[in-house]
Amino acid sequence: MSAKAHNHGPVGRVEDKRLVTGGGTFAADYNVPGQLHGYFLRSDRAHAEIVAVNTERAMKHAGVKAVITGADAVRAGYVKPMHTLTFPGKGGMQTRAPERPVLAHGGVHFVGEAVALVVAESAEAAQDAAELVEIRYRDLPAVVAPEGALAPGAPQLHGNVPGNLALEAEVGDAAAVEAAFARAAHVTRLKVEVTRVAPNPMEPRAYIASYDARADSYTLHVCCQGITTLRRHLSAYTGVPEEKLHFEVGDVGGGFGQRTPAYPEHGALMLAAKQTGRPVRWVSTRSEGIACDTHGRANVIDGALALDREGRFVAMRLDWVNDMGAYLSPASMGHIRNTTTCMTGVYRIPALYATYRVALTNTNPVSSYRGAGRPDIAYTVERLVSQAATELKMDAAELRRRNLIPPEAFPYKTPTGSTYENADLPGLLEKALKLADWKGYAKRRAQTEKAGKLRGIGIATVIENTGAGQAAKDEVELELDAAGNITVYTMSKSQGHGHETTFATIVADALGVPFERVRLKQCTPERQHRLQGNHTGGSRSTVGAGSVCHLAAQKLIEHGRAAAALELAVEPSQVEYADGVYRTKESKRTLKLGDLARSKPVSVIAEGKFGSTFPNGCHIAEVEIDPGTGAAEIASYAAVDDIGTVINHAVVEGQLHGGVAMGAGQVLGEKVVYDPGSGQLLTGSFMDYYMPRAGLVPAIRGAEHATPSSVSPLGVKGVGESGCTGSLPAVANAVMDALAPLGVGHLDMPLTPSKVWHAMQDARKGRH
Amino acid sequence: MYALNYVKAKSLKEAAAILAKNPEAKLLAGGMTLIPTMKQRLARPTHVVDIAGLSELRGIVSKGGKLVIGAGTKHHDVATSAVVRKAIPALAGLAAEIGDPQVRNRGTIGGSLANNDPAADYPAAVLGLGASVVTSKRSIAAEDYFQGLFATALDAGEVIVRVEFPLPKRAAYSKFHHPASGYAMAGVFIAQTAGGVRVAVTGAGPGVFRWTAAEAALAKSFKPAALEGLALDASGLNSDIHADRDYRANLVRVMAKRALAKLSGRK
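Heads up: the sequence lines are chains W and A, in that order. As numbered in my numbering, residues 1 to 768 make up the first sequence, in order. As numbered in my numbering, residues 1001 to 1267 make up the second sequence, in order.
Keep in mind that a hint or two might mislead.
[To be verified] The list that follows gives simulated cross-link-like pairs (lysine to any residue, SDA-like), each with its CA atoms no further than 20 Å apart:
#1 W/K453 with A/P1224
#2 W/K755 with A/G1182
#3 A/K1262 with W/K755
Hints in this document: simulated from the structure, not taken from any laboratory. The model shown is predicted, which means the values in this text are computed figures rather than measured ones.
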């Protein structure tokens, strides 16, 4: 069942004028009376014992009010962040989670780890004084590569995590896979790395922590993806009850998963606010952000795909090493579990077995990043499939066609136990092939070669789980005033997504009122302890909160029907509602929606809990490679996506385009690099860390191929992560396709000009 | 950034006087390198002497076979100057490729040369064209001016006033952008001058240098083919996480060929 046509929304995004003309209010725009300023002194080494900390000279510096250290963190008990790797491991193994005081105590485990918080009357004084804090370290050997960390004899990070192995897990049927591989006509093997990247939202982190001594409560000004998950994490980390944690959040300039968890800095600032009795403000620099805001991806996957004589997939085996950095982030679960949910992708693969080894390394912790595991598994499977096609000299689209889950097989139960709701994968594939002019490729390639370049085409057909969240339910409150204006309160929080457009459209549609009548308030303080709901992440907000917006509007209509019946002096069954007006069937007397609120505002709260939806897509990229420099350029990009019913096409296109660029950037350039010996961060600024630029991706040809979801009343599926889930494998496959004729087998991302050029030289010399 | 004294100089003379009195003072023109360095606390000048507005450092003139550009001239102004485009179009093109619009609208030619970043573009043009760096004290030939990684012939307190470029017969610049920073990973400036062919390379080594083997080969035949198989000793080139020296050596050859191709009319 899907809602009626969305005809009450705007064509574009209503928030854009404010956001692109400097009208937004971001975390660093907040200042509160009496505030002090914090500066975090951070570890300049990857692994060391902290022998002594002396803050005396720093405390004497003019303007300094406090220097908070690891000893304070331990005294307060701010030492044990929650983690979410709660699923059972191999043989019932439980996750081994290291403690992490909000300021390092006893030892440091990665470059950038906060060791002390200096609090002063000005940010400059705090930074000056931080140079006077004396820390005596005893250096220890560091390990930054996850496979190296799991190897015998590797430096050990934490006493309670022997072998640096936080968790070992498995999924699927090992015996069935072994048997299928033994019978297989062909086996494709590929070990791939999904590189560690720094999400780099445009807005740097900024917080103000204030302590109210009378109420023994805290207020934090934050940039976040919604306060509910952050509050849960922070309460678990600090022991401060959730009802004593209040938040202020304005516009948020990007999140990508990185703005979800509670960070040590939240807790350290709370300690400082309580100790000084004054609010303490901190604004991160970009370099701190690259070093200390959680990283993404960082998975190594050893994969094998078995095929029969007809090119049908019979089994797949994947062995994962997941690099979680030095500590487990509170938001680490999805990052691993999401790779399980859609492990066999869009294909019928009857037998599957996978193992996970979760490693700790002397690096910044890894957490969710746009897709959180979904792009990683899509990349792995789609690289394997395209590699198999190359090895079998088969058309990459034809091999997919043969193995797609047919429409009649839905709902489809996967070998890992998840159930895909619906999709039309063959239809999606054919539409994409047409959009990309797959048949005309040879001609384009010939043209490119004439110009002295190489050309490659890459296809990816992907599916991902979106929508479900960890909150017990999503709640939305609608408040109607006498003028007929409706305020919508949600606990989801846009970080640029366009909730103000999408959610207001949903409510305006359901009520049949002009869009301008509806306005959205997200995570407002007065609703924080009244409404439950998921934060915005995992492409879930329109499926969850958006659907509840629809339910809330229906509830408001029903709620008003009784009051209208009384007013109109008829039975409720005799009252009809349309376009903001109640009317009786007989007398045609009317009552405006706003009239319900003449004496006081009318409020309704609706709730919903929804399972996963399964957006899917087929992305086709073409690249041109300059043989002189090895530089790959994306020559064309076509994407067909099934994201169910679309509320606002501009919002959806924006999400897809941004996601595609993000994935393409990771394939062609992005990577966080630590020095393997010292553990120093070598990509600590944009001088060395590649950030994709707008020119990376040409105009994307996109099309929709909707199979509406029945998970929620709106028919929607998630879209926030679809772009990079598709582009990561599509762009990589295109580059590999261009290089395959030279004999280049496999390259790991990032496919930088120098890496591609070297591979070409090696292939020419027969070394690849 | 550490606390410092900011002075807006009213004249070159005043700026020089402040520099003379304060050995740890720094000149500020566009600030495109100095300010980020100060923000990272890697530079700690006692004084910042702002010379950005000085009219003595402005101006672009072409006369007597020379193109003269004031040290305070911004990259954007060089890139869009009709005088530069007519006199040495390759120089205008080079300026148009520096950094991004923000950098081009603040950064200056004098600032770039005084800093002598090994991956900056202007040093390639100055050395490739055999220009002279005219300072508050003297005129320094390009050969003498560049002294390796962030090092120049400038004395303490010496201020660049203008750069004098002799007009070449023809010249071209080709650059491969560093994927992250956008600086030159290799930039090659080739000029046919009255004194012969000059080939200057930036980005690939610890400082701008002349590729003399290429100069000799091109003196015989001014065509891309002349560079085929030409030796380029990679041992002195930069090697880092972005590219090793062999790749940079390749880029130098490829960029040189592409610069030549621009001159032969092909792009």
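Each hint, compared with the structure:
1. Using a Cα cut-off of 20 Å, the hinted pair W/K453 and A/P1224 holds, with the two alpha carbons roughly 18 Å apart.
2. Restraint check for W/K755 and A/G1182: satisfied, since their Cα atoms lie roughly 18 Å apart, inside the 20 Å limit.
3. Proximity of A/K1262 to W/K755 is assessed by CA-CA distance (about 27 Å); at most 20 Å being required, the pair is judged violated.
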